[in-house]
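Peer 1: Make a model of the complete structure from these sequences and hints.
Residue numbers (this note's numbering), protein chains in the order written: chain A, 746 to 840; chain B, 7 to 211.
Hints may contain errors.
Counterexamples of contact, computed for chain B against chain A with all Cβ distances above 10 Å [claimed, not checked]:
id	residue
1	45
2	49
3	56
4	65
5	70
6	104
7	107
8	116
9	123
10	126
11	138
12	140
13	161
14	164
What follows is a set of in silico ranges between Cβ atoms, one per label pair, in the way DEER data are often shown [stated by the list, open to error]:
id	chain 1	residue 1	chain 2	residue 2	range
15	A	792	B	28	25 to 31 Å
16	A	809	B	10	25 to 31 Å
17	A	765	B	154	26 to 32 Å
18	A	785	B	132	21 to 27 Å
19	A	799	B	121	34 to 40 Å
20	A	803	B	16	22 to 28 Å
21	A	839	B	139	48 to 54 Å
22	A	827	B	168	32 to 38 Å
23	A	812	B	10	15 to 21 Å
24	A	828	B	110	15 to 21 Å
25	B	185	A	836	40 to 46 Å
No lab work stands behind these hints, which were simulated from the structure alone. Everything numeric in this text was worked out from a predicted model, so none of it was measured. Glycine included, each C-beta is placed from N, C-alpha and C at the ideal position.
Each chain, written out:
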Amino acid sequence: MERETSKSRERAWPLVLAWVALAVLTSLSFGARYLPLGVFATPVALAIAVAKACVVLTWFMQLRREATSVRLLVWVVTFTVVLACAGVMGDVAFR
Amino acid sequence: MEGHFESVERKAEAAHLGMWLFLASEVLLFGALFAVYSGCRVEFGADFVVASSHNSIAIGTTNTFVLVTSSLCAALAVHGARSGHLRRAAALLGVTVLFGLAFLVLKGVEYGEHFQSGIFPGSHYHYAELPTHGANAFFTLYYLMTALHGLHVTGGMLALGVVGHRAWRGGYSAERHLPLELSVLYWHLVDVIWLFLWPLLYLMH
Chain A
746 MERETSKSRE RAWPLVLAWV ALAVLTSLSF GARYLPLGVF ATPVALAIAV AKACVVLTWF
806 MQLRREATSV RLLVWVVTFT VVLACAGVMG DVAFR
Chain B
7 MEGHFESVER KAEAAHLGMW LFLASEVLLF GALFAVYSGC RVEFGADFVV ASSHNSIAIG
67 TTNTFVLVTS SLCAALAVHG ARSGHLRRAA ALLGVTVLFG LAFLVLKGVE YGEHFQSGIF
127 PGSHYHYAEL PTHGANAFFT LYYLMTALHG LHVTGGMLAL GVVGHRAWRG GYSAERHLPL
187 ELSVLYWHLV DVIWLFLWPL LYLMH
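Peer 2: Written out as structure tokens, the structure is:
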């Protein structure tokens with residue numbers, strides 16, 4: 746299977762580096778919990794979560810190697826979830 | 007030729023696309039819950055912050071490290087399978103399943119602590135320290151989201167257990183191990199969902 750044999754030449758260290766990045770970002774989230782960030786606390790925590798999700802998608806799930814249709818699917822689903830959350834929040838806030 | 011596919015590569019691509027479509031449906035399932043959470047957060051902002059402080063940050067954070075490390079093991083298992091080290095891949099999948107088990111045990115410990123305090127979902131909620139509708143809504147969503155996630159963790163453990171066993175028995179090769187790759191993709195999604203549950207349920211202040 747060409748798709749798989751071409752991948753077999755990959756090294757494992759980028760995966761370990763990705764895990765280190767995830768551990769650092771997790772520690773950052775944990776530390777930010779105790780900072781006086783006020784209204785920015787949740788946005789900061791979610792921004793770090795997005796960064797971690799990008800690391801998992803890019804290096805562990807190897808999204809960059811998938812077909813364009815798959816990458817488009819991920820964007821569409823992400824946009825849909827963000828739109829749903831924003832819509833519900835707006836509805837409750839301005840009801 | 008593989009079935010009605012013109013080549014093995016095309017079959018693998020189709021299988022990957024199918025798996026990603028399934029993962030997308032799972033994200034939409036959790037996305038609906040995140041949308042409900044967002045609305046309740048606006049409605050009961052202060053109550054949600056106070057209620058979240060009653061979750062164990064130590065358990066939530068430990069579970070985050072557990073799942074992130076399990077994802078590394080799963081990714082290394084795929085790397086091992088692609089390199090032809092099927093036994094190593096199977097062992098790494100076994101470690102991944104053990105991490106999943108540790109996650110569920112810790113989650114069970116946290117549930118037990120909540121139950122002892124009277125923190126139950128919905129109309130069974132009777133936590134004297136936080137007798138507000140907002141706290142009730144927070145913990146109902148907490149149980150709904152974490153229990154659904156726990157079910158996905160369990161499903162992922164079963165899938166990884168099956169493909170790990172098959173890899174150990176020599177059922178795959180460096181060229182043919184598609185079920186292993188797809189099961190690991192599912193496990194990574196379980197990890198990604200937790201990466202968002204953790205700040206929303208444990209880190210608010």
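Peer 1: Does each hint fit the structure? Answer for all of them.
Peer 2: Quick rundown of the hints versus the structure:
Distance check for residue 45 of chain B against chain A: the nearest CB is about 4 Å away, which does not clear 10 Å, and the non-interface claim fails. Not every CB of chain A is more than 10 Å from the CB of residue 49 of chain B (nearest about 5 Å), against its label as outside the interface. For residue 56 of chain B, the condition that its CB be more than 10 Å from all CB atoms of chain A holds, with the nearest at approximately 14 Å. Every beta carbon of chain A lies more than 10 Å from that of residue 65 of chain B, the smallest distance being close to 13 Å; the non-interface claim holds.
Once the 10 Å rule is applied to beta carbons, residue 70 of chain B is inconsistent with being away from chain A; the minimum gap is 5 Å. A cut-off of 10 Å between C-beta atoms confirms that residue 104 of chain B is not in contact with chain A; the least separation is 17 Å. With a least CB separation of 20 Å from chain A, residue 107 of chain B remains clear of the 10 Å interface cut-off, as annotated. For residue 116 of chain B, the non-interface assignment is confirmed: its Cβ lies about 17 Å from the closest Cβ of chain A, beyond the 10 Å cut-off.
For residue 123 of chain B, the requirement that its beta carbon stay farther than 10 Å from each beta carbon of chain A is met, with the minimum near 22 Å. Residue placement check: residue 126 of chain B keeps its beta carbon more than 10 Å from all beta carbons of chain A (closest about 25 Å). The non-interface label for residue 138 of chain B is consistent with chain A: the shortest C-beta to C-beta separation is roughly 17 Å, beyond 10 Å. Chain A leaves residue 140 of chain B outside its interface by the beta-carbon criterion, the shortest separation being 13 Å against a cut-off of 10 Å.
Non-interface call for residue 161 of chain B relative to chain A: holds, since the shortest CB-CB distance, roughly 17 Å, exceeds 10 Å. Every CB of chain A is more than 10 Å from the CB of residue 164 of chain B (nearest about 20 Å), matching its label as outside the interface. Distance hint check: the CB atoms of residue 792 of chain A and residue 28 of chain B are about 28 Å apart, consistent with the given range 25 to 31 Å. Between residue 809 of chain A and residue 10 of chain B the beta carbon distance is about 29 Å. The supplied range of 25 to 31 Å therefore holds.
The hint said 26 to 32 Å for the Cβ distance between residue 765 of chain A and residue 154 of chain B, and at roughly 30 Å that hint holds. Our hint of 21 to 27 Å for residue 785 of chain A and residue 132 of chain B is violated, since their Cβ atoms are close to 34 Å apart. For the pair residue 799 of chain A and residue 121 of chain B, the supplied restraint of 34 to 40 Å holds, since their beta-carbon distance comes to about 36 Å. Range check, residue 803 of chain A to residue 16 of chain B: about 25 Å between beta-carbon atoms, so the 22 to 28 Å window is met.
A beta carbon spacing of about 21 Å between residue 839 of chain A and residue 139 of chain B contradicts the range 48 to 54 Å that was offered as a hint. Checking the proposed 32 to 38 Å range against residue 827 of chain A and residue 168 of chain B shows it holds: the Cβ atoms sit about 34 Å from each other. Remark: the range hint 15 to 21 Å for residue 812 of chain A to residue 10 of chain B is upheld by a beta-carbon distance near 19 Å. Range check, residue 828 of chain A to residue 110 of chain B: Cβ separation about 32 Å, and the 15 to 21 Å hint is violated.
Between residue 185 of chain B and residue 836 of chain A the beta carbons are some 42 Å apart, a value that agrees with the proposed interval 40 to 46 Å.
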